[in-house]
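Read off the chains here:
Number of protein chains: 2
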Amino acid sequence: MSFSAEHKYDPNFTQHVIDTCGPKTSPRMKQIFGAAMRALHGFAREIDLTPEEWLAGVKFFNETGKLWAESDGKRNEMHRLSDITGLESLVTEIANFVQTDNPNYSPTSAAILGPFWSPNAPWRQLGESVIQDKHEGIVSYMHGTIRDLSTQKPIPGVVFDFWQASSNGKYDFQDPDNQSDNNLRGKFKTDENGEYRLYCLRPTAYSLPQDGPSWQLLQALDRHPMRPAHIHLMITHDEYKPVITQIYPKDDPWLATDTVFAVKDDLVVDFVPIKDIPASMSEHKGPGGAATKELQLDIILAPKGMGAHSKPNL
Amino acid sequence: MSFSAEHKYDPNFTQHVIDTCGPKTSPRMKQIFGAAMRALHGFAREIDLTPEEWLAGVKFFNETGKLWAESDGKRNEMHRLSDITGLESLVTEIANFVQTDNPNYSPTSAAILGPFWSPNAPWRQLGESVIQDKHEGIVSYMHGTIRDLSTQKPIPGVVFDFWQASSNGKYDFQDPDNQSDNNLRGKFKTDENGEYRLYCLRPTAYSLPQDGPSWQLLQALDRHPMRPAHIHLMITHDEYKPVITQIYPKDDPWLATDTVFAVKDDLVVDFVPIKDIPASMSEHKGPGGAATKELQLDIILAPKGMGAHSKPNL
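Going down the list, the protein sequences come from chains A and B. Under the UniProt record's numbering, the first residue of the first sequence carries the number 1, and numbering increases by one thereafter. Under the UniProt record's numbering, the first residue of the second sequence carries the number 1, and numbering increases by one thereafter.
Please note that a few of the clues may not be correct.
Chain B regions said to be covered by chain A (calculated; three or more residues, Cβ under 8 Å) [claimed, not checked]:
#, region
1, 82-96
2, 157-163
Residues of chain B clear of chain A, computed beta-carbon distances all greater than 10 Å [unchecked claim]:
#, residue
3, A35
4, A39
5, A44
6, R45
7, D48
8, E70
9, N76
10, A220
11, T236
No wet-lab data here; the hints were simulated from the structure. Just so we're clear, the structure is a prediction, and the values are computed from it rather than from any experiment. Ideal Cβ placement from N, Cα and C applies to all residues, glycine included.
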């Protein structure tokens, strides 16, 4: 063949599909649909997608939606598919693109939300533990200060929403036999000094489920299903841009090849042997007993309106 | 912004995702995954896909798979989504790309399979009717000769698999209250003269279902949901390349804007007032009485091995 894939097939087809949009299509919808059609058709032409491969793809996506339907939304396999293809991580990068004049001074990086956040996490008092149930993990004392990117002053009243998997690698709603609702979840509010403190587990690396479409894809790609150990955080305040992120112990072996591509350098942290606990706090009395590790993590929030997220001009 | 979208975001991210493929990935799988990731990530960067839009997309695809799961596979909404985005039509074009020295001499064009083919269509005798149930359509006599592309000789023993919607725009398994199994479906075999003949309905234009994710998308794009009237055919013989196609009456108002983009010029046909019926055949005695229209449709099949479908060199 001496002519390229672009010319081999009907060169007007994709534009014809896009041009069927009627006049009442919103400009954003038309932009999304046009870009999606160019990407989808370009993909099919680039690889000469066969009918058998296309039908396998239809079945793959159907099976992915089926898992969601059959679990009443608890297992969001389509969300997971977004994660193992890097899409959620990329969307997170796009959403958090902030320009500042000083490239060395940035808000805390964002990382993907993932499929395990719950809107129902309970409010807990500062210094309380999120550990409700038996575990085989390392009880840790986590604390820090949340500061303003522009003034560097502490911010009181910040909502610090925390969730993590247990030492068996499962979140509460994946593991009803061993965990009560909201085990290892909790929302805290920073005090007048912009500080938060709580007891939690040093996180444990875990595998994505080894069944279902995402696992089939990982196997076909000869990839491992491991996420590095991590803690999820969603940090919000009316006057600041929210930060949804994850933190990772620095000695985790999966940092470089995280199966959902969510690790960033400034999110790698160090759990150290515990030294002292503020006199105002009682020792951890939940499952697992006294804390033996400590993590100090300060967070920097950008005020709303600061920086410019470059948006297409619609 | 003085720099392009390509440089605004991490330029190494997509290649990093592709490079996680292990050494045991098949070459074809690696090619498909690489092209898919470049298309998917390029799409997200081009339009600055927002988290809300991405989550709406996850939900959209989940709902699409849910319809398939809840209908036990009878409603293949993901397949329909492929159709209204032109993907199945494009895959059909790619699969049927045949090079011949004479551009004026081509096999009958292919068109999409669609979600309504059944593997269980009954064998029927030449001259029989596919009309089992009451209808408000026009009974038609359809006949023709199937020929070899290279020799132009008639081909005996070709399987002529026929299916169509009834006059209410529904296929048998969408319409169990009005239609019996295999109404308007049938497999015929050409005789020693390469001829087929049967009674059917002049087809009726219909709307895709006006519920579910595909309908939501069509509404968001301000598009109509109409398919032009058509008959589906799957024509197969061991020694020839199969032809899966559709034919369309020439006076249909939806030919130019078929919602699944399946119309091609050589597939537009003319139903004419009936003139005569071969003396060997009795008149149509099924629902609807005597035939009043006639369609002659000859088909041309390419021998296997003829023409070269350009494939990537793997």
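Any hints this thing doesn't respect? Which numbers, in order?
2, 3, 4, 5, 6, 7, 8, 9, 10
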